[in-house]
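So the chains spell out like this:
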Amino acid sequence: MTGVGITSWATAIPMWRLDRGLMGSAWDTPALPGERAVAGGDQDSLTLAVEAALAAAPDPSAIDAVFFATTTPPYAEKHGAATIAAVLDRHSVRTADFTGTIRAGTQATLAGMDAVRSGSARAALVVAADLRPAEPSSVTEQLFGDGAGAIVIGPDAPVEVVSQSSFAEESPGPWRRTGDPFVRSFDAKSETEYGYARAIEEAVTTALGSAGVAAADVAAFAAFAPDPRTYAVTAKRLGMSPMKDPLFASVGNLGAAHALVSLAHALDGAAPGDAIVFASAGEGADAIVLRAREGVTDARPARTTDEAIADKRALPSYERYLRFRELLPWEDPVVPGSPIRAWRDREQAFPLYGVRCTACGVVQFPANRACIACSVADKMERVRLQKRGTVFTFTLDHLVGGRYLETPVPRLVVELDGGGRIFLEGTDCDPGEVAVGMLVELTFRLMHEGANIRNYYWKARPARPGGAA
Amino acid sequence: MPGIKDRVAIAGVGATRFTEHYEKDQEDLLLEAVEEATADAGIERADIEAMWVGVYYRFTGLSGTTAADATRLYGIPSTRVENYCASGMDAFRNACFAVAAGVYDIVLACGVEKITDQGSRGLPNVLRDSIPPFMPPASAPALFAMAASRCFAERGWTREDLARVAVKNHANGARHPKAHFRREITMETAIEAPMIAWPLGRFDSCAVSDGAAAVIVTRPEIAKTLAHKDDYTVVKANGLAVTSSQPMYDPGFDYLGFPATRMAAAQAYAEAGITDPARQISFAEVHDCFTITELLNYEDLGFCEPGEGAAFCADGRASADGQLPVNPSGGLKSFGHPIGATGCRMIGELTRQLQGRADGVQVRDPELGLAHNLGGPGAVCSVTIVGRN
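Line by line, the protein sequences are chains A and B.
Counted the way my numbering counts, the first sequence spans residues 97 to 565.
Counted the way my numbering counts, the second sequence spans residues 8 to 396.
Certain hints may be false.
Anything over 12 Å on all C-beta distances counts as not near chain A; from chain B, calculated [what the hints assert, rightly or not]: (1) 27; (2) 142; (3) 152; (4) 157; (5) 161; (6) 184; (7) 257; (8) 263; (9) 313; (10) 362.
With beta-carbon atoms standing in for the labels, derived distance ranges [claimed, not checked]: (11) B:287 x A:435: 49 to 59 Å; (12) A:529 x B:322: 30 to 40 Å; (13) B:167 x A:129: 15 to 25 Å; (14) B:112 x A:531: 36 to 46 Å; (15) B:322 x A:464: 36 to 46 Å; (16) B:231 x A:428: 36 to 46 Å; (17) B:199 x A:422: 33 to 43 Å; (18) B:109 x A:466: 32 to 42 Å.
To list a few chain A residues with every Cβ distance to chain B over 12 Å, as calculated [said to hold, decoys possible]: (19) 274; (20) 492; (21) 502.
Just so you know, these hints were derived from the structure itself, not from any lab.
Every residue, glycine too, gets a C-beta built ideally from N, C-alpha and C.
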């Protein structure tokens, strides 16, 4: 298994943080320390996955496999990896969704490693994202968080795979029957002392043994755990130091994404020679021992996990979170949709193709046969539009679907870098900060569910350092 | 090409009050306006040979029967015209051309909208299927607000500049018996009103109202035999220009005005022989769906230089006693905007002003009046010029 490893990585943490104190006071229950990451109402596991994928694979041209891991896929039937591949404009790829277990992230990673080792893929993109549903007022609701992590697996990588270990075990871990609205769990002890604890110990011990790496020499234990205490106890029992921020107090338990986000976090700070244990459990466990090599610091993403965690806004209320997760009755405007249009416009909606008129040079969107500037027909060439631009003009619209909203929706006319003008909804910003001339970046979001399909498209948010290219 | 200048006469006009007509339906309103117009012309309803009706909502379904059922005039041509906010004036344009073609002697142009029956607060959104690919539509105020934002950034215009239009038009509308809102407002009221779509607040936006209006169109030689034989008015020109329904995707769209207005005005001025509109036009009823629209209309219609729109209102040139009174009726700001009805109401305003019977809002000695509708996101514009015979 020489040479296979991780060539790049990134995380996507939604902008909103909910103070757990607000959650406790909403229900008059004790509050856990810290805050949790909350995906906006226009985000789901797939949009978070797309964001992480774009950041981890700014040049996806060598990616031949796209694997999506989540316990919360947007569709029960219709897989998400193909949507991620579409956004990356990768057509000749193998795609698969890994789901049904917290371990999906490491399972997808192992599959990606196998694909590269076997030569069926030059590089494999593995993305894990989760927005696990928790019962309002429960402690798990406070504990859970939303986020995504992505890695690209390839040969001659700055982070090398040294060993791996997996096993399966029927266990009473958290579960959700088909149709259950929230994650269920048994007595916490069943996980912290039996299911999770024993599984992770067995997998990690085996992997370290075959790698010939002593636990005390491990620089980072990048692993999922159900809660911060179990994480710390497990690390100690295995003889490793816990990571400084195991994510629970800053973003929460990220489910199937937790191990990948922890890994990305660890790799951001890795030095050549560092050994890293990357592990997850759920009906068994997977552990992978990695070794950082020369070049690991150069492979750091434009936006580190620490930066993603630090770039946040406080959600003003617990009720807003309930709205985002559709846990409060709320009448959304009926928006028509068309599966035929969605299919026909897929190259515009996902990889964001526009056209350039070869007669006059004007880049335009949406694609049309006749040029909006010179009227010449059928002289268009396809161009991929850039995902950064400048606000040309805007409004803050309070009238949405026949309802007056106190918090308006920003609507922006954006001039994209490299050409093309596009009309987008603003998101992840305080409406008051929107201005003509503001720099924005495009972000993939759920627009509406017209025609009972999840209609994904782009919105604009204030540009961030290291953001979308 | 003979055109239509002086070949078409307005024999009679009618309109309902524009307001929230909870107790009347669309047919009630349309018949009321038609009855007033036929009485004004001194004809019977049965004298009407063909009808064009402007209506925007109740799309798909009623078609030409919109006018036929209201008037019970069955068995003659009746066509529904839909062209955004210019629907009513485009119905009038079609009626004029039919008369100018010599096909009919007496025809009806009318328009109606029963917006309070649509079950929506604000205008029901119909652009939703035309926006690519998955972008839900913006509200009507939002589409015009983006012009205001651009003018704020580019020209330094302010909310005060917008408010002056609202104050002027409400002062005019307070004196019009058929206006929806018949009270003056202050600058403070306008500026402190809740936002609808920044930077447009409630008083920057016209209201959602119900109403109908009707115009009897004929040839001048026939008008000479009807009730207004001495003071019928004549159509000098009617221009119609259509641009993209998606200016927000047009890299060349500068949001500092509406090319549709400039092009429709150019057509109308050429036909009417107008070379200096600021001096030759006596008064105008223009599309003030939003205050920003009126400021940009001044420029696009050539009433002032580009960039001078805010000053044209601020220095009183557009006031009722100014050099070129704009919206002496009170405009859409005072009447609201039952979409299909507005264009025909404006033609009625021009006619009554030119006949010296615009009670309460009469301007001094008008020779030529101009009516202007701008629809969609500034995409469809109709400009009509009417003069004394």
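Checked hints:
Distance check for residue 27 of chain B against chain A: the nearest CB is about 17 Å away, which clears 12 Å, and the non-interface claim stands. The claim that residue 142 of chain B is not at the interface with chain A is violated, since a C-beta of that chain comes within 12 Å of its own (minimum 6 Å). Against chain A, the non-interface label of residue 152 of chain B is violated: not every CB pair exceeds 12 Å, the least being about 4 Å. With a least CB separation of 4 Å from chain A, residue 157 of chain B falls inside the 12 Å interface cut-off, contrary to its annotation.
Interface exclusion of residue 161 of chain B from chain A breaks down, the closest Cβ pair being 8 Å apart, not more than 12 Å. Chain A leaves residue 184 of chain B outside its interface by the beta-carbon criterion, the shortest separation being 31 Å against a cut-off of 12 Å. With a cut of 12 Å on Cβ distances, residue 257 of chain B falls inside the contact zone with chain A, its closest approach being about 5 Å. The claim that residue 263 of chain B is not at the interface with chain A is violated, since a C-beta of that chain comes within 12 Å of its own (minimum 10 Å).
Against the 12 Å criterion, residue 313 of chain B stays outside the reach of chain A, whose nearest CB is about 17 Å from its own CB. Every C-beta of chain A lies more than 12 Å from that of residue 362 of chain B, the closest at about 39 Å, which supports listing it as non-interface. Between residue 287 of chain B and residue 435 of chain A, the C-beta spacing of about 55 Å keeps the proposed range 49 to 59 Å intact. The hinted range of 30 to 40 Å is satisfied by residue 529 of chain A and residue 322 of chain B, whose Cβ atoms lie roughly 35 Å apart.
Range check, residue 167 of chain B to residue 129 of chain A: Cβ separation about 50 Å, and the 15 to 25 Å hint is violated. Judged by the Cβ atoms, the range 36 to 46 Å given for residue 112 of chain B and residue 531 of chain A is violated: they are separated by roughly 59 Å. The beta-carbon spacing between residue 322 of chain B and residue 464 of chain A, approximately 43 Å, falls within the hinted interval of 36 to 46 Å. For residue 231 of chain B paired with residue 428 of chain A, a C-beta distance near 60 Å fails the hint of 36 to 46 Å.
Between residue 199 of chain B and residue 422 of chain A the beta carbon distance is about 36 Å. The supplied range of 33 to 43 Å therefore holds. Roughly 37 Å separates the CB atoms of residue 109 of chain B and residue 466 of chain A, a value that falls within the hinted 32 to 42 Å. With 12 Å as the threshold on Cβ separation, the claim that residue 274 of chain A sits away from chain B holds: the shortest Cβ distance comes to roughly 29 Å. Some Cβ of chain B comes within 12 Å of the Cβ of residue 492 of chain A; the nearest lies about 4 Å off, and the non-interface call is violated.
Once the 12 Å rule is applied to beta carbons, residue 502 of chain A is inconsistent with being away from chain B; the minimum gap is 9 Å.
Checked against the numbered hints above, the structure breaks hints 2, 3, 4, 5, 7, 8, 13, 14, 16, 20, 21 and satisfies the rest.
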